[in-house]
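S.K.: Here's the letter readout for the chains.
Number of protein chains: 2
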Amino acid sequence: MVTGMMHPMQGMHASPILTSAHKIAIAGLGLIGGSLARRLVEQGRYVVAWNHNDRPYQAATELGIHCVESLEALATGKPDVLVLATPLRTIPDMLKALAPVWHPSITLSDVGSVKGMVRQQVEAAGLGRYYVGAHPMAGNEHSGFAASESALLDDALWAVTFDGTTDYSRLLTVADMICKGSDNRLIALDDTTHDACAALISHMPHVVSTALSNQLVDSPDRNIALALSAGSWRDMTRVSLTDPGRTRAMVVEDATNVEILLRQMAVRLTAVADALHADDQTAVDSFFAAADPFRRFKAQERRDSPESGGDTVVGATGSIELHDDSWRDELLDSARRGEQITAFTTTHQASILTRAMS
Amino acid sequence: MVTGMMHPMQGMHASPILTSAHKIAIAGLGLIGGSLARRLVEQGRYVVAWNHNDRPYQAATELGIHCVESLEALATGKPDVLVLATPLRTIPDMLKALAPVWHPSITLSDVGSVKGMVRQQVEAAGLGRYYVGAHPMAGNEHSGFAASESALLDDALWAVTFDGTTDYSRLLTVADMICKGSDNRLIALDDTTHDACAALISHMPHVVSTALSNQLVDSPDRNIALALSAGSWRDMTRVSLTDPGRTRAMVVEDATNVEILLRQMAVRLTAVADALHADDQTAVDSFFAAADPFRRFKAQERRDSPESGGDTVVGATGSIELHDDSWRDELLDSARRGEQITAFTTTHQASILTRAMS
Chain A
0 MVTGMMHPMQ GMHASPILTS AHKIAIAGLG LIGGSLARRL VEQGRYVVAW NHNDRPYQAA
60 TELGIHCVES LEALATGKPD VLVLATPLRT IPDMLKALAP VWHPSITLSD VGSVKGMVRQ
120 QVEAAGLGRY YVGAHPMAGN EHSGFAASES ALLDDALWAV TFDGTTDYSR LLTVADMICK
180 GSDNRLIALD DTTHDACAAL ISHMPHVVST ALSNQLVDSP DRNIALALSA GSWRDMTRVS
240 LTDPGRTRAM VVEDATNVEI LLRQMAVRLT AVADALHADD QTAVDSFFAA ADPFRRFKAQ
300 ERRDSPESGG DTVVGATGSI ELHDDSWRDE LLDSARRGEQ ITAFTTTHQA SILTRAMS
Chain B
0 MVTGMMHPMQ GMHASPILTS AHKIAIAGLG LIGGSLARRL VEQGRYVVAW NHNDRPYQAA
60 TELGIHCVES LEALATGKPD VLVLATPLRT IPDMLKALAP VWHPSITLSD VGSVKGMVRQ
120 QVEAAGLGRY YVGAHPMAGN EHSGFAASES ALLDDALWAV TFDGTTDYSR LLTVADMICK
180 GSDNRLIALD DTTHDACAAL ISHMPHVVST ALSNQLVDSP DRNIALALSA GSWRDMTRVS
240 LTDPGRTRAM VVEDATNVEI LLRQMAVRLT AVADALHADD QTAVDSFFAA ADPFRRFKAQ
300 ERRDSPESGG DTVVGATGSI ELHDDSWRDE LLDSARRGEQ ITAFTTTHQA SILTRAMS
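Top line first, the protein sequences correspond to chains A and B. Each residue of the first sequence is one higher than the one before, starting from 0 at the first, in numbering that gives the first Met the number 0. Each residue of the second sequence is one higher than the one before, starting from 0 at the first, in numbering that gives the first Met the number 0.
Worth flagging that the hints you see were computed from the coordinates, not collected in a lab. All values derive from a computational prediction rather than experimental measurement. Among the clues, some could well be false.
Identical copies look the same in the list; a pair holds intra-copy or inter-copy alike.
[Claimed, not checked] Subject to a maximum C-alpha distance of 20 Å in a straight line, what follows is the list of computed DMTMM-like cross-link-like pairs (lysine to aspartate or glutamate): (1) Lys22 to Glu68; (2) Lys297 to Asp324; (3) Lys297 to Asp220; (4) Lys179 to Asp153; (5) Lys22 to Asp182; (6) Lys95 to Asp323; (7) Lys297 to Asp242.
Excised from the complex, chain A in its bound form:
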């Protein structure tokens, strides 16, 4: 190295330097891991992958994914981010294998649909300080690398999760993988809020759907009711038809949140029953009117959709500032306002898109 030469950045008014995730290791080339790997390669990132069997390796290698022979090799290759993309039940064993070969420069992430439990497992393995949770809102009924495709993550939103010990620069690294590496959006929030919200819009409704199916099965007139059933019944019971073992696991993993929400739903249904019993028109009217903010949101969403001639980008754009001592609250408040981060423009500023109920 020749001394005395000017560093290329010297003399420039440099923007705050953003951490980036150039080299990304993915453990598990299934539907999500495979789709993410394909997408990152397309965006020019260096992707290293391991799978519990080498069946997808030939196809993956042809796409430019660098496949390795062992899980440990993912860590010893010192990627910027190592993403666990294997089923939730395998995570403890994965962490046990990775912990002895971990390098502090690596940020650990995952794609699991529950976040509090994964963090506990990460902490139990002694890797808590390296961890930033992630959960892409994507998937379908298929599985395996053959079913994976870059388009699965088109327009996807990710939840990125932190706790009081999370390293902000590691969160920026994971954000870089998501926003620039995967051309996706994110919201950042604490595990507790994530898991409570996932219970509200997915885990609890799965129980409700199954309860509806059970109500039918238990009726002596079940074949008559089935004969009379139409679109509303089909829609409301569809998720009860999916693998009950998987649904059961999902519900049990988020049991406390699901329990609270089921009790609240029972109270709501009983209140409507009481109002019908008392012929209380005002209470019945209020019940049906209460969903209006959601109806307005969905109506606006339909008007804004490309199919309706609206913009492809739905929602108002803007930016938020983040501060070293208050970024957790700032990110959570932003998510509560319905803002989704499209990119970090500096280490302390992010561009956003707002999609909120009014």
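Take the given structure of chain A and dock chain B to it, following the hints.
M.R.: Okay, now just chain B, sitting in the frame of chain A:
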């Protein structure tokens, strides 16, 4: 008439003569009335129609539907069946207008989605002895004659309803309109069973869907939950987005049944909450397994579907016998076994198709 001539049927071994519905009057050329009128004309029936305004008359006339200037003219034309196909709330006024000009040869029917309430109104108008209820399982989000089409009733199942006073020959007349006149299938049952089943597979689930949407709206994290929501949430809340005034009316019209079912659902949801709280794996497993008969039915339905290379006619074929003193129980039991009537082959025998949960 020349006496002494042999009647054409004399000397033949005549099949029992089936009552048929050659001339059918339809009050209301909306989505259902219009679709039924088109279909009956296509099958060669003589269709007379009236609408509260004459906007659809030109198009209807071009299709071969005979439009008349007044509701009363439908009755004075002495059709075999007069079908009320106007909104439920208008039925009392329609009956009041028709009662003074009614002729005993006319069978009264309707297409309403609740049956007990309509029968009460029919009885209040003094037309109970002429009435056989009907409810086609068909519809979409549109309305009006312009949206009506014969195909709306393709492969449709109708519920035909009776009570202890129903005239069996009138039931056969309505069955002829449905099976041969409209190329559809039917199940026949009492009003109480119909309305309880409709509450189970439609009215109560609409309340549950709205309660889910309200649960979201009431959450301080509603925008976060909405951002995380996917297909399961969209499916389960879709019906809560439809016109809340119409849903409210449907629920209130069937209030007693809906009330009972909502309380049963509240008990089911609370039981799951209790099982999760107690970490009672057996109870949680049982809850998810209980929907298996419905899952098996739907899996079989998919295997049998034309898309899967199955038969276009799903279900086993057969026939049932009906007797003068026990046809009500025989029809109800048949419906409970999952049998759907495809045609009356004689006055006391019907061909059936079975679609049942095992």
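S.K.: Hints numbered earlier in the text: which of these fail when held up against the supplied structure?
M.R.: 2, 6
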